[in-house]
Amino acid sequence: DAGITQSPRHKVTETGTPVTLRCHQTENHRYMYWYRQDPGHGLRLIHYSYGVKDTDKGEVSDGYSVSRSKTEDFLLTLESATSSQTSVYFCAISVQTGPYEQYFGPGTRLTVT
Amino acid sequence: AQKITQTQPGMFVQEKEAVTLDCTYDTSDQSYGLFWYKQPSSGEMIFLIYQGSYDEQNATEGRYSLNFQKARKSANLVISASQLGDSAMYFCAIGTGNQFYFGTGTSLTVIP
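Chains as they are written, first to last, in the numbering used here: chain E, 1 to 113; chain R, 1 to 112.
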């Protein structure tokens, strides 16, 4: 158990509204990631963080922003949600940099109507 | 860009038999890692096994082994002695630096 929680676990929102998803970890891991999972696409990396206030873009970052003001929290924000952002969002941590295994949170199912 | 291909959308295996799930990858990086994850119907992502690009021996973790053929750029997952609880989606992934790319997954069904 990597001690990762995500909130909310489910959310329904309307097009154009802002949405923030939270990832919380209890073990002070430096590296954190946000993914989205869609049918036919597997998981795709949105953003990642390699420390407090240090973040970078992944494969599908358009329309998303992130913030990390504390080691334990990594926030994903949809500034103005669109229906194409309906997805399951996973947070992950890695115990070290580089291509090492990641451990995932339980996921957040977001529906944008 | 990195690419992962899983060509088997669905697989069936008899309980207690072995099964191989295929994964090929495409990368120009010399240093990378290959991963397999399991996603049961409950939705969580479970890490199974890791292989580094410089590791000469195939990785093994219990009933899971990774058949790594670097020249062919393949990283197949072998599950021995399948169990009913192995029924799930299986994802192959490649990581280079802090970028990770997943395949579209293979659905495995274990038949009693």
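Quick caveat, the hints were computed from the structure, so don't treat them as lab data. Since the structure is predicted, the reported quantities are computational estimates derived from the model, not experimental observations. Among these hints, one or two may not hold up.
As the list claims (entries may be wrong) - Not the full set, but computed from the structure, chain R residues with beta-carbon under 7 Å of chain E:
no.	residue
1	Y25
2	D26
3	S42
4	F47
5	N98
6	F102
7	G105
Quick reminder that beta carbons are idealized off the backbone N, C-alpha and C, glycines included.
Right, here's what the structure says about each hint:
The beta carbon of R:Y25 is not positioned within 7 Å of any beta carbon in chain E (closest approach about 12 Å), and the interface hint is therefore violated. A distance limit of 7 Å between C-beta atoms decides the matter here; for R:D26 the minimum to chain E is near 15 Å, and the interface restraint is violated. Taking 7 Å as the C-beta cut-off, the interface hint given for R:S42 is violated, the closest approach to chain E being about 9 Å. Checking R:F47 against chain E: minimum C-beta separation of about 5 Å stays under 7 Å; hint holds.
Checking R:N98 against chain E by beta carbon gives a least distance of about 5 Å; that is within 7 Å, so the hint holds. Annotation: interface hint on R:F102 holds; nearest CB of chain E at approximately 4 Å, less than 7 Å. Among the interface hints, the one on R:G105 holds; its C-beta lies about 6 Å from the nearest C-beta in chain E, closer than the 7 Å criterion.
Violated hints, in rising order: 1, 2 and 3; the structure is consistent with all others.
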